[in-house]
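So the protein sequences, as listed, match chains B and R.
Under the working numbering, the first residue of the first sequence is numbered 1, with each subsequent residue one higher.
Under the working numbering, the first residue of the second sequence is numbered 1, with each subsequent residue one higher.
Since the hints were made in silico from the structure, they are not lab data.
The structure displayed is predicted, hence computed values, not measured ones.
Warning: the hint list may mix true and false statements.
Unchecked claim - With a straight-line cut-off of 30 Å between C-alpha atoms, the simulated DSS-like cross-links for lysine-lysine are:
1. R:Lys75 to B:Lys139
2. R:Lys36 to R:Lys165
3. B:Lys139 to R:Lys36
4. R:Lys49 to R:Lys36
To be verified - Residues of chain B placed beyond 12 Å of chain R at every Cβ, according to the derived structure:
5. Gly34
6. Glu58
7. Asn71
8. Ala78
9. Pro81
10. Ser95
11. Leu144
12. Gly146
13. Asp175
14. Gly193
15. Leu205
16. Glu217
Quick reminder that beta carbons are idealized off the backbone N, C-alpha and C, glycines included.
One letter stands for each residue in the lines below.
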Amino acid sequence: MSSAPAIIELREVVKRYAGGQLALDRVSFSLARGEMAFLTGHSGAGKSTLLKLIALIERPSRGQVIINRRNLSSIPAAGIPRYRQGLGLIFQDYSLLYDRSVFDNAAMPLLLRGMRPTDIARRVDAALDTVGLLRYRDKLPVTLSGGEQQRVGIARAVVGRPYLLLADEPTGNLDPALSAEIMRLFARLNEGGTSVLIATHDLNLISSLPYRQIVLEHGHMATAEAS
Amino acid sequence: MNQPHPNRPPPASPGRAARRDRGRPWLGARLGQQHKRDFLDSLMRLYAKPLGSLLTAAVIGITLALPAGLWVALKNVDAVSLGWQGSLQASLFLRDTVTPEAGRALTRRISQRDGVTRTRYISRDEALAEFRELSGFGDALDIVADNPLPATIVVQPDTALGPMKIDAMLRSLAALPEVDRAQMDQAWLNRLYAMLDVLRRAVFIIALLLGLAVLFIVGNTIRLDIENRREEIRILRLLGATDGFIRRPFLYAGFWYGLAGGVLAWLLLVVALLALGGPVRHLAGLYDSGFVLSGLGFTGSMALLGCGIVLGWLGSALTVSRRLSAIQPR
């Protein structure tokens, strides 16, 4: 394990849903600051649950989730919006607002923080430029392809300069060529210093990439390779 | 280590503060800017689906127009009855022991009282003459040896006093020792006022009920709005939107519904008053009255719009706070 302070640290995390289903069983791992890693495993292995715990969509039944040196159990419900503003979330279904332009979608995190319109415009244009969509800034998301929509999602996730990017099957709806392109985009963002955790079951896509894989099997850690 | 060090950064590191402050105006300006945007955004949203918005506004408008119309009607009846007060008078029948001189003196004293506009003394002889002339029973009176008619003081009160004070004043006049009996011609007017009071209360109750109806109408519309934007709300929560941020557009939508409803109600009333104006003028003409139908007036109009806005906002607020918390990312 690297000596850099961890951005994500899970200690013996157990998540049992109300129905009794055990989604995560004593899961421990950490992601170093500035690291990029893949969270893999078959569907139902607990990848989504793990991301939900980090995004405070769910709370663990037992164990500690420490993000950016902050124990999430110390964050009350009222503090969740502020906490989530510090994350960059990317979803399989893109989760865009389809009645708003590409620009307005990417601007939303800055709007939530109450930034000045001029500053918002500058930073959103920069983020759209990073994902190569600046020319589509005034279009509606429906007029874009799936890959382009996901890049809007990524622009929205990075526009607020989050300390951690969390992606849940970001290439799940994309063909291999587009998926590879999206992965290159994540790699580029990681080179810029952002910590990235990507949940995916597309092992073909990531097998050739030089990043650590954290594998979940039926809610257990399968491997915790040191990198 | 604890002693001050020249290189030690000040408690509030300027670099850090600047980083946090960059692009982040002070809270007031930030809120103002967000409110302005949501204010106009919510209007554009309603404008984007004009038929639905118009229908909601129309229902609110009609609901508001009803109590407002009743209120205008009451106001006009009040104005008419105030005119009728001019004919209001009381007759004080004096005891037969009161001499004409004493009667006239009493009349002068009464005419100096506050709230008395006019008095007239009718002596027993004058009353007899008047009766002989007007009734046609003159011959019958000849049979009666004594003049059976009492002297009378006719008192006309100042109508500006209002029915309560007039009533009190006439009662005190009736209690004077010289007065045998007082006949108050305002009994029917009192009944009218009592009736108006009942009507006023009824209008108040109707207004309350219809105001409640507006709350429900707006609440239901906003509830549907929220349902239609469930996915958007879920996404906004994932991005870290606060409850206030999510709530605001719906509150402003309520504001716009209320305002539009108020404006429509106002227009409905104006049209209704225009339509009634002609027939009312004709009716007033038949009564030799210059009565003109009065409308809401400026204060009334503002109150109508204000009621619309407050009810729209409140209807939305009551719904939003209950509904939004149920929509959380899964």
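Legend entry - Non-interface claim for B:Glu58 versus chain R (Cβ beyond 12 Å): 9 Å, violated
Inset, instruction - Decide if the proposed pair is consistent with the structure: B:Lys139 and R:Lys36, CA atoms, cutoff 30 Å inclusive. - result: Within the cut-off at roughly 24 Å; holds.
Legend entry - Given as non-interface: B:Ser95, partner chain R, CB spacing beyond 12 Å: At roughly 5 Å from the nearest Cβ of chain R, B:Ser95 sits no farther out than 12 Å, so the non-interface label is violated.
Legend entry - Cβ separation check - B:Pro81 to all of chain R, threshold 12 Å: 4 Å, violated
Inset, instruction - Verify that the Cβ of B:Ala78 lies farther than 12 Å from every Cβ atom of chain R, and report whether the claim holds or is violated. - result: At about 9 Å from chain R, B:Ala78 fails to clear the 12 Å cut-off, so the statement is violated.
Legend entry - Exclusion check [B:Gly193 not at the chain R interface, CB over 12 Å]: Holds: least Cβ distance 15 Å, greater than 12 Å.
Legend entry - Interface-negative label, B:Leu144 against chain R, beta-carbon threshold 12 Å: Since the minimum Cβ distance to chain R is about 17 Å, B:Leu144 lies beyond 12 Å and the statement holds.
Inset, instruction - Hey, is B:Glu217 genuinely clear of chain R, shortest beta carbon separation above 12 Å? - result: Holds: least Cβ distance 24 Å, greater than 12 Å.
Inset, instruction - Compare the distance between the alpha carbons of R:Lys49 and R:Lys36 with 30 Å, and conclude whether the hinted pair is satisfied. - result: Judged against 30 Å, a Cα distance of about 21 Å means the pair holds.
Inset, instruction - Verify the proposed pairing of R:Lys75 with B:Lys139, using a straight-line Cα cut of 30 Å. - result: 56 Å, violated
Inset, instruction - Beyond 12 Å from every chain R Cβ: check whether that's true for B:Gly34. - result: With a cut-off of 12 Å, B:Gly34 remains clear of chain R, as the shortest Cβ separation is near 19 Å.
Inset, instruction - Just double-check B:Leu205 for me: nearest Cβ-Cβ distance to chain R has to come out over 12 Å. - result: Its Cβ never comes within 12 Å of chain R, the nearest being 24 Å, so this holds.
Checked against the numbered hints given earlier, this structure breaks hints 1, 2, 6, 8, 9 and 10; the rest are met.
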